[in-house]
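Residue numbering for the sequence shown follows the numbering used here, starting at 126 and increasing by one per position.
One should not assume that every hint holds.
Claimed, not checked - The calculated lysine-lysine pairs, modelled on DSS-like cross-linking and capped at a C-alpha distance of 30 Å, are:
hint, residue 1, residue 2
1, 323, 347
2, 346, 411
3, 361, 314
Treat the hints as calculated values from the structure; they're not laboratory data.
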Amino acid sequence: MPQGKGTCEMQLIKTPTKGMNDYLPRETRLREYVKSVIIRAYEKSGFSMIETPAVEHIENLTGKNGGDNEKLIFKIMKRGEKLNEAANGDAELCDSGLRYDLTVPLSRYYANNQAKLSSPFMAMQIGNVWRADRPQKGRFRQFTQCDIDILGDATPLAEITLISATTGVLRELGFDNFTVRINDRRLLKVCADYCGFKPEDCDKVFIILDKMDKIGLDGVKKELTEEGFDPVSVEKYVSLYEDCDSVSVSDFVAERLGGNGADIAASLEGIMRCATAATAGGCSLKFDPTLVRGMSYYTGTIFEISMDGYGYSVGGGGRYDEMLAKFSGQKTPACGFSLGFERIVAALADRGFEPPAAERSVAFLASKNMDEEKMLAMLSDAAKLRVEGARVLVTPRMKNVGFQKTKLADDGYSEFVEY
């Protein structure tokens, strides 16, 4: 440190912000490979790639469309004079924020560009989202989401297409140990009404039911009771979900709900049959009456993908027919499916999966003090290989060339030419 100065420079922090990650070349190569497979598969199913900004209006992000995610917004303060005015008054200090999902931005995008888009519109998005969450294993503050959505189709064909396309991606990535669990928010409301819960209490009841996999049926009963709900309603509600692991939707409605919700059950069964046919039997679908999905904007069919050996879902989505009207004033049917990109990448890494390398990956190692004639020959050889389609690196040869080759091999290079 220089002497004689009254202050010293603060040392900068080399680690990423908590809950965010640096990715090494090998990790990035896997991530980019997964993205390429997803894009190619979804394009084959008719989806078109779009892009929306990372920053959204704060009014959109806090419009009661994102459930608990609205508590996790990274807010962006106003700038310059507007910030000074807000700070000196009672106005809100922020006017925008980082998006916490891709669905709210898509709804705004569609309302703004509907006249230029086909109908129904089949959208694909892959991009980073941000949530001010508590970082832990499998939960980040910045992560990649991968969504497909169909806007303008009120028929079950939307759900069938989404399930078929998403399960097709998983199969292309080598997974066959997954199940699509399916339910309907309307059926959840039928269950709550059948047991005597008030409509305004449904969201609270569903949030507790959604904890079933963590706290069990007894835990659900305990929490509902502690919330002060009528014990008779609680007892009746809990009994609906006893031994329901393998019940069919038609039996659930007929035997446990007295036939209430039969039309919803028929719709779900039709979707399940057609989605199975659309995937040529390569998709395992299962009715799960306890499936809730956390977002309050879902209005109909909901689905989630579970994978054997993992205690979390690797995808989910559903129908949200009322959100777009908040932007355009016009009710537009909408349905979407989001793949858990980070979890899929982690599952592939756990398996030791390596993306297929280019046909040839060659590293030219240039010796120190190489004369111009040799340099020209090396560069000419490298150029010819690139024309032929090879991936070619030209780099100085290090003193410990063995270690250098090992690191380059980690980066995917299989051939080495020393000059």
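So, going through the hints one by one against the coordinates:
1. 323 <-> 347: With a Cα-Cα distance of about 19 Å, the restraint between residue 323 and residue 347 holds, given a limit of 30 Å.
2. 346 <-> 411: Since the Cα atoms of residue 346 and residue 411 sit roughly 24 Å apart, the hinted pair holds (cutoff 30 Å).
3. 361 <-> 314: Holds. Residue 361 to residue 314 sits at ~14 Å (cutoff 30 Å).
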